[in-house]
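Line by line, the protein sequences are chains H and W.
The letter at position 75 of the first sequence is residue 75 when you use our numbering, and the numbering goes up by one with no holes.
The letter at position 153 of the second sequence is residue 153 when you use our numbering, and the numbering goes up by one with no holes.
Worth flagging that the hints you see were computed from the coordinates, not collected in a lab.
The calculated DSS-like cross-link candidates involving lysine-lysine, where the alpha carbons are at most 27 Å apart (straight line), are:
#, chain 1, residue 1, chain 2, residue 2
1, H, Lys256, W, Lys324
2, H, Lys256, W, Lys323
3, H, Lys241, H, Lys255
4, H, Lys168, W, Lys15
5, W, Lys326, H, Lys256
6, H, Lys260, W, Lys324
7, W, Lys293, H, Lys242
8, W, Lys265, H, Lys241
9, H, Lys205, H, Lys63
10, W, Lys265, H, Lys242
11, H, Lys260, W, Lys283
12, W, Lys323, H, Lys260
13, H, Lys260, W, Lys293
14, W, Lys283, H, Lys241
15, W, Lys227, W, Lys323
16, W, Lys125, H, Lys230
17, W, Lys293, H, Lys255
18, W, Lys326, W, Lys265
19, W, Lys265, H, Lys239
20, H, Lys255, W, Lys227
21, H, Lys239, H, Lys256
22, H, Lys255, W, Lys283
23, H, Lys214, H, Lys118
For the chain W half of the interface with chain H, some residues (derived, Cβ under 7 Å), not all of them:
#, residue
24, Thr116
25, Ala143
26, Phe148
27, Pro194
28, Ser287
29, Ile305
30, Ile314
31, Pro317
32, Val322
We put the CB at the ideal spot given by N, CA and C, even for glycine.
Chain by chain, the residues run as shown.
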Amino acid sequence: MLRPNGPVARCWVKILVCMKQVPQKDAPLKLNEGGTWIREDVSYEVNEPDAYALEEALRQKEKHGGEVVVITAGPARAQQVLREALAKGADRAIHLEDDRFVGLDAFNVARAFAAAIKEDAFDLIFTGLQSDDYGYAQTGVLLAELMGWPHATIIMQIEKKDSGIRVKRELEAGFFQFVEMPLPAVLTIQSGINKLRYATLIGIKQAKNKPMRKVSWDDVSGAVGENLQKVEKLYVPQKTKKTEYLEGSPAEVAKKLVDKLRNEVRVL
Amino acid sequence: MAETILIVVEQREGKLNRVSWETITGAQAIAAQTGWTIEAAVVGNGIAGIAAEVAAKSVAKVYALESPKLAAYTPDGFASALKQFIAQRQPKLVLMPHTYQVRDFCPKLAASLGSTVIPDCIGYKYEGGRLLFTRQMFQGKFAADVSFTGQGPWFATFQNGAFRGDQVQEGASAAPIENVAAEVADVRTSPEEPFKEAKQAVDLTQAEIIVSVGRGIKEQKNIDMAKQLADALGGEIAASRPICDSGWLPMERQVGSSGQTVAPKLYLALGISGAIQHIVGMKGSRSIVAINKDAEAPIFEIADIAVVGNLFDIVPPLIEEVKKAKAGA
Numbered sequence: 001m002l003r004p005n006g007p008v009a010r011c012w013v014k015i016l017v018c019m020k021q022v023p024q025k026d027a028p029l030k031l032n033e034g035g036t037w038i039r040e041d042v043s044y045e046v047n048e049p050d051a052y053a054l055e056e057a058l059r060q061k062e063k064h065g066g067e068v069v070v071i072t073a074g075p076a077r078a079q080q081v082l083r084e085a086l087a088k089g090a091d092r093a094i095h096l097e098d099d100r101f102v103g104l105d106a107f108n109v110a111r112a113f114a115a116a117i118k119e120d121a122f123d124l125i126f127t128g129l130q131s132d133d134y135g136y137a138q139t140g141v142l143l144a145e146l147m148g149w150p151h152a153t154i155i156m157q158i159e160k161k162d163s164g165i166r167v168k169r170e171l172e173a174g175f176f177q178f179v180e181m182p183l184p185a186v187l188t189i190q191s192g193i194n195k196l197r198y199a200t201l202i203g204i205k206q207a208k209n210k211p212m213r214k215v216s217w218d219d220v221s222g223a224v225g226e227n228l229q230k231v232e233k234l235y236v237p238q239k240t241k242k243t244e245y246l247e248g249s250p251a252e253v254a255k256k257l258v259d260k261l262r263n264e265v266r267v268l
Numbered sequence: 001m002a003e004t005i006l007i008v009v010e011q012r013e014g015k016l017n018r019v020s021w022e023t024i025t026g027a028q029a030i031a032a033q034t035g036w037t038i039e040a041a042v043v044g045n046g047i048a049g050i051a052a053e054v055a056a057k058s059v060a061k062v063y064a065l066e067s068p069k070l071a072a073y074t075p076d077g078f079a080s081a082l083k084q085f086i087a088q089r090q091p092k093l094v095l096m097p098h099t100y101q102v103r104d105f106c107p108k109l110a111a112s113l114g115s116t117v118i119p120d121c122i123g124y125k126y127e128g129g130r131l132l133f134t135r136q137m138f139q140g141k142f143a144a145d146v147s148f149t150g151q152g153p154w155f156a157t158f159q160n161g162a163f164r165g166d167q168v169q170e171g172a173s174a175a176p177i178e179n180v181a182a183e184v185a186d187v188r189t190s191p192e193e194p195f196k197e198a199k200q201a202v203d204l205t206q207a208e209i210i211v212s213v214g215r216g217i218k219e220q221k222n223i224d225m226a227k228q229l230a231d232a233l234g235g236e237i238a239a240s241r242p243i244c245d246s247g248w249l250p251m252e253r254q255v256g257s258s259g260q261t262v263a264p265k266l267y268l269a270l271g272i273s274g275a276i277q278h279i280v281g282m283k284g285s286r287s288i289v290a291i292n293k294d295a296e297a298p299i300f301e302i303a304d305i306a307v308v309g310n311l312f313d314i315v316p317p318l319i320e321e322v323k324k325a326k327a328g329a
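Here chain W stands alone, though its shape is the one from the complex (with noise of 0.2 Å):
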């Protein structure tokens, strides 16, 4: 008999989240080559309109995992119903996108199954008849490929941009749906709706240039020099997680996975390293420069323009080269 793939796509008060199409298209690829079939399965309260959007994909069948204990994301809530579905249905392997929900409950759940989570993959290998995941390890230094050593169910969640929503197959009509009525345990947490903090005065979405630092800045006083570069080019100033956790730059101008998604014609990355949380928030930028002193950092992978250097020797005259064209200009 076929192995099942089950992919938990993720919804958010009652709205698909994109990046749900990305991991059906890492399921129809990976279904391609196993001869495995894939199954999906959403979880919530009110979610028939979300089963019958993913049911117009080349899916087998869709689930929709139905109970008002459901209709707020808790940890506790969303493991149960699954764990109950999962231990039923025994798909081989269960895929999710790597979000903070998922990230969340995920691991409680495939325990909860005797089971383990290989988690942020950037994509997949099928060898010899194995699966093996890809994932960065040592902040994107290294590549890992990781296998699954028991039986299953097993679980593994892709990182935002492994797999191409917009890629994802189409069926030739739609897939069944199944309503199962959840069997959910008790919510220990009490969850308070989300809300953003004061409105941000800077929207990086909008900025055609960005001039992001990272720790390679080394001091809060070294910001001012960038900041420079920045109004040279007539560009926003950003930064990696770690200047903003200091509290040298607002956290409205952090680029990453836990702040904006940016998709400038230039982002210019000053001393940037490249963890895998800031590259998601910025990898779609038309033309990446990244200047750096350590010829190994991961963010030379998706430079297209490389320096590899002291950025302090570089930005000064840098900003000067810039002043002259724009003078000239």
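Just chain H, same shape as in the assembly (with noise of 0.2 Å):
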């Protein structure tokens, strides 16, 4: 049940999960007609790692108490990104709904969350380290910018301080490094952080009780500005190099397989 911003609402943390619908890994995409963006008629899914993010704001308010609050931006298909979070255990969410939310770039985007989340006190913000389809890694640091807060990002391990909390974030070619830092803070979480739940069936059907704001293009447009840059072409990348496909059976496959491991890769 939703927590009542009351007495018992002195809780350790209150996090946001920005949260991203794209589509489905192994949905065949097709480009639209001007070459620009792929067909929208396509199967849709959460993005992986802000399921990870989710997942660990779920689990420091099991640790600590608080709330969890997840947004996402997205015609009204992206709704079922938020149930999904609300039947997994999110307090509530907030739903930025209009199809021209999808052609935001990564700053508008968070300018558009920024204005969305003005009247809510959060102590942590996280999102996945970057979207499936975009692959932009940037919603997070800017939403950081923003709301004039410290961020990190890469984060596989969060612990509470009285200062505020230490997270260990990934760095390169197997190195880590222990960050410390005040709240409000804004933290993209890295993919296996953590275990995903699955949602229980009690879940799904409290989800349907839970609080979903909508929040129209109208209250935020003032907020977002032009798009500071543009895809002006999308199209199936060339092959650079020259691949040989090999057909048949799985056994006639297998032969000529181990035939060019032998005479061509020599390995065996």
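Two independent chains are provided; combine them into the complex using the hints.
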């Protein structure tokens, strides 16, 4: 049930999780006629890194108490992502609902989110480390800049401290680093930080009664500016390598491949 | 007046990250077409050696932005030092390598200047006097040409391997180095020393043969089949990130930008779609064999030998054939 913002609500953390709906991983994608974007008649799912961000928020809440709020921007279909999050245990949801949100660049998405939550006082904002469609990996960092909060990216572990939090950042080549920072703060969460849970039947039932706040384009359009970058053309990448395709029955393919491994690759 | 391209090279603990050479090579290519001037900046403390190293390349000038507050990397420190500097210098284009460090501060820096970053680019195009940056989208299924709409300064970051670092042009003489006392705002985060987890038991970089599994393996129990193939070939088993995230194989067996970078004689990819984060960790392999049921999977773009089909049909007879070949050899 929703925890009211009363005396009991001086809980440790109020966490906002930014989530995105993206085309399903296996969905065959087609280009639109102008070759500027994909055709939108595909199946969608939650952006996987965001699922880890949500899971981490739920675990923090279970450990320390608090509230988990989920937010997304997109057309009506994007509500599914919020419904699933509520079923898994998020307390309430914010849906910036309009087709126009899909075409925003990362800076504008961050601006729209910041405008939509200005009445809320969050301690932490989580995002997945990047999205599976654009792959820009920017919304979290930009949101921190807009809010004037510190941030850290690619987080593998979060500890509560008296002065704020201590987080484990993943660096390249197998290195890690601990960083301390005060709250409020923004963290982008690395996939694999935890094990994802499934929604329970009770959770799915309860989700129907949890608050879902709709934010319209007009509510936040004042905060949104011109996109600073534009996808001019989307296309199937050109092959740079000569690839040899092996065909036939599985047994034939296996024979051909072993032949190549022996005579060309020379590893057998 | 000619515009300027500013390259921010990356240093960690007083050492230049070699991927910076690739960024300079990319900048030199852009400059050759646009006629723009190239300058470079190093950010940190005690970085005179790095500045000198960069000044040997064909660049017009190198700036060393120094402050004791920049000794350890923090997003606040690096973004504020560069913000002041860039606001003053007004380069048209700022280029950086797409590293985890750059991902951490570059969007913040660009936003603080009212601008934007096109991240993770694999190349650029200069068409009709306009610069476009090419990057992958939808996990590598598509490429996109992206333009800047604003006035700049424009920011773009280049993916590892986008240009050849060994093709960076040397300068005729050393470029002048200017030391800049960086203005650093409040740093709110306190970083500790970077560290490695307990020593890795597996060094995939030494393996000559790697059998690597991706999401296409479907279930944990199927990993065993891939292991049998690796054993038959005398190679190591490895995986893409999602497999290790699921705990089906330990993290130390992960290949990709957040795992190990490998270059074996044979890299056999089973059910790996080929997201850029994985590709950067294995594209240097001498021979890449990909088995995937999705003919559109990006892995096929870099494969030498491709099999479009169900790995569960193909791997069992493959194991038998490999065993036969070994027995006969």
